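S.K.: Residue-level listing of the chains:
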Amino acid sequence: METSKNYWDFVDEIIVTPVTILKEQADFLTKTTKGILVGEIVFEKKIIEEGYPKLYTNKFQPNVVFNISSPILGYTYQLMSVLYDVKENYPIQINFDNGIYEAKDEESFKKFIQECIQSDTTKKIIQNLYSQSKVFENNNQPKD
Amino acid sequence: MSKLTFLFWNIQRKNLDTHIAQLCKLYDVDVLLLAEFGNNNAYGLESILKSVQDDYQYIKPFATTKVELFVRFEASKVKQVYDNPDMSIRKLCIIPTKEITMIGLHLPSKLYMTDNDQIIHQTNVANLINTEEQKIGHRNSLVIGDFNMHPFQMLSAGSFHATMDKNIALNKKRIVKKEEYYYFYNPMWNFLGDNNKSKVAGTYYKNMSGEYTNYHWNMFDQVLLRPDLLANFDENSLEIITSNGTISYIKNGKIDTNYSDHLPIKFTLNF
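Read top to bottom, the protein sequences are chains W and L.
In this text, residue positions in the first sequence follow our numbering: the first is 25, and each later residue adds one.
In this text, residue positions in the second sequence follow our numbering: the first is 28, and each later residue adds one.
It should be emphasised that the hints constitute simulated quantities derived from the structure, not laboratory data.
Values in this document were obtained by computation on a predicted structure and should not be read as measured data.
Here a beta-carbon is modelled for each residue, glycine too, at the ideal position from N, C-alpha and C.
Among the hints, erroneous ones may be present.
As the list claims (entries may be wrong) - A short list of chain L residues far from chain W (calculated; beta carbon distances all over 10 Å):
#1 Asn67
#2 Asn68
#3 Asp82
#4 Tyr85
#5 Gln107
#6 Tyr109
#7 Leu155
#8 Arg166
#9 His177
#10 Leu197
#11 Lys199
#12 Glu262
#13 Glu266
#14 Asn285
Unchecked claim - With a straight-line Cα cutoff of 20 Å, these simulated EDC-like cross-link-like pairs (lysine to aspartate or glutamate) come out:
#15 L:Lys137 x W:Glu64
#16 L:Lys162 x W:Glu64
#17 W:Lys135 x W:Asp121
#18 L:Lys204 x W:Glu68
#19 L:Lys162 x W:Glu68
#20 L:Lys200 x W:Glu161
#21 L:Lys87 x W:Glu161
#22 W:Lys128 x L:Asp144
One chain only, chain W, in its complex shape:
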């Protein structure tokens, strides 16, 4: 017997979040390289220290890391990480190639992600990891 009404005014609807966008691009990488390289999205808890910029108010914020892994090499490269507020999604803070950037909304975040992925730095890393992974794949060498 229910003792109270369900107060959750919840609609089963998936919205596009920063994580959705990152996950899509991670999956595209895996698909494009036929699994030689794997795009991974990893959640970490980020502790907001005293003196942190006013962007965030909670002490613990989710930090989302975009990794490129080579299962054959047993190796992972962190391409970028994104810090955001679960309540608002935007603005978000992005760590990429030694810089810290901010995206105000979904549109600017998508544009930034595209620039990161198509940057010379990223292209070089992908090409290098892919080529070396293929060598080991062909030599059939174990990971360790």
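Got chain W sorted already, so can you dock chain L onto it with the hints?
M.R.: Chain L in isolation, oriented as in the chain W frame:
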């Protein structure tokens, strides 16, 4: 008993091949880590190292790295695990009974990042190290490099949690607000000040005479050890290097920037 001697030097993109080779010979270095390698030729340095002492190998990174690595044992004993624009994680499988996780890093300079941003960055790096340690399955870890921060800026549980006291570090971890935070031991605390531990009070000198706060000496180049490696750490071996045996890297009480603007550090682990 076997030993492993590590040397780290931020070479400021200069060609210091001869000096590096001399230091490697002088200190019998097994693991050489170089930051700000710039356009130097890694294989050229490898040849020079081999001409001074046999068996040095350049470990070519899979992706971009901030810290170039040369070792004096077979390259197959180095396993590349992880890279990001700040740090490189390598497993050293030299001692059969004790695999070592070595994290070489070069964090962004205070010239290009505010104190707040450095805090963000430091916490990210410390979290990532913790995550990778969990994946690796042990904490036989050491972190060496140019942190661009002082030991007293790396104490927070949320960042490196790098204590100045071995006995505290041997507690392994501390709980803060229901969360576990693992310790590092930071032996560089012992080098702060001028009380004879070293000939100098830091690894980087910058006179900011127009500023209210002027440290003059900065302890940016450091090594941190997890408690699981403390039994192997020869604390007397840790040194801020001020000379290659014949040439001093100190001039008029400051670092002679004809070489690098940073001084090298070295230490030994015994097994």
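S.K.: Evaluate each hint against the coordinates.
M.R.: Evaluation of the provided hints:
no.	hint	verdict
1	Asn67	holds (19 Å)
2	Asn68	holds (18 Å)
3	Asp82	holds (23 Å)
4	Tyr85	holds (16 Å)
5	Gln107	violated (5 Å)
6	Tyr109	violated (5 Å)
7	Leu155	violated (7 Å)
8	Arg166	holds (18 Å)
9	His177	holds (15 Å)
10	Leu197	holds (24 Å)
11	Lys199	holds (19 Å)
12	Glu262	holds (30 Å)
13	Glu266	holds (30 Å)
14	Asn285	holds (28 Å)
15	L:Lys137 x W:Glu64	violated (31 Å)
16	L:Lys162 x W:Glu64	holds (15 Å)
17	W:Lys135 x W:Asp121	holds (16 Å)
18	L:Lys204 x W:Glu68	holds (17 Å)
19	L:Lys162 x W:Glu68	holds (14 Å)
20	L:Lys200 x W:Glu161	violated (40 Å)
21	L:Lys87 x W:Glu161	holds (19 Å)
22	W:Lys128 x L:Asp144	holds (18 Å)
Checked against the numbered hints above, the structure violates hints 5, 6, 7, 15, 20; every other hint is satisfied.
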